[in-house]
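Peer 1: Below, each chain spelled out in residue letters.
Protein chains: 2
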Amino acid sequence: MKAYVYVTLKTSVLDPQGQTIQNALRKMGTSSVQGVRQGKFFTLALAPGLTEEAARAEVERIAREVLTNTVIEEFTYRIEA
Amino acid sequence: MKAYVYVTLKTSVLDPQGQTIQNALRKMGTSSVQGVRQGKFFTLALAPGLTEEAARAEVERIAREVLTNTVIEEFTYRIEA
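From first to last, the protein sequence lines stand for chains A and B.
Under the working numbering, the residues of the first sequence are numbered 29 to 109, in order.
Under the working numbering, the residues of the second sequence are numbered 29 to 109, in order.
Hints are computed from structural coordinates only; laboratory data are not their basis.
Copies of one chain are not kept apart here, so a pair can be met inside one copy or by any two copies together.
Simulated pairs of lysine to aspartate or glutamate, EDC-like, Cα-Cα distance not exceeding 20 Å: (1) Lys-30 - Glu-88; (2) Lys-30 - Glu-93; (3) Lys-30 - Asp-43; (4) Lys-68 - Asp-43; (5) Lys-55 - Glu-93; (6) Lys-38 - Glu-93; (7) Lys-68 - Glu-102; (8) Lys-30 - Glu-80; (9) Lys-55 - Glu-88; (10) Lys-68 - Glu-101; (11) Lys-38 - Glu-88; (12) Lys-55 - Asp-43; (13) Lys-30 - Glu-81; (14) Lys-38 - Glu-102; (15) Lys-38 - Glu-101; (16) Lys-30 - Glu-108.
Input sequences plus hints: build the corresponding full structure.
Peer 2: Here it is in structure tokens:
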């Protein structure tokens, strides 16, 4: 069982890395990209035998307490059997 | 139209960041996580009026040439209307 956690800056927070990438793309002549935001993601390999419900609770706790700075970031996750 | 590009280290490449997170989780008493890998992801806002085919070609080119170090990383992407 695997869990995928996606962490992004809140939309109200400036993203200088994304901005830099967008500027680079523009300099390279790419006009079809109007905005870039960068985030992180984590793949967690979960112990076998965990119920889906237990996995959700555990992943949500880890995402909130360890992987995300909830002041400026938010997360989503999905679990795959 | 939005594109999501996910960049991960190739599985043959060591991931010290992921390892550090896993160690931290273990010290916190979490036994249900057996492995952690960290990656990056990018959200690209694409210009309206781009065909799906053109968007795919463009995003694939940007992912390969700009967002991914193909020596040690690999990418996947998806496009959302």
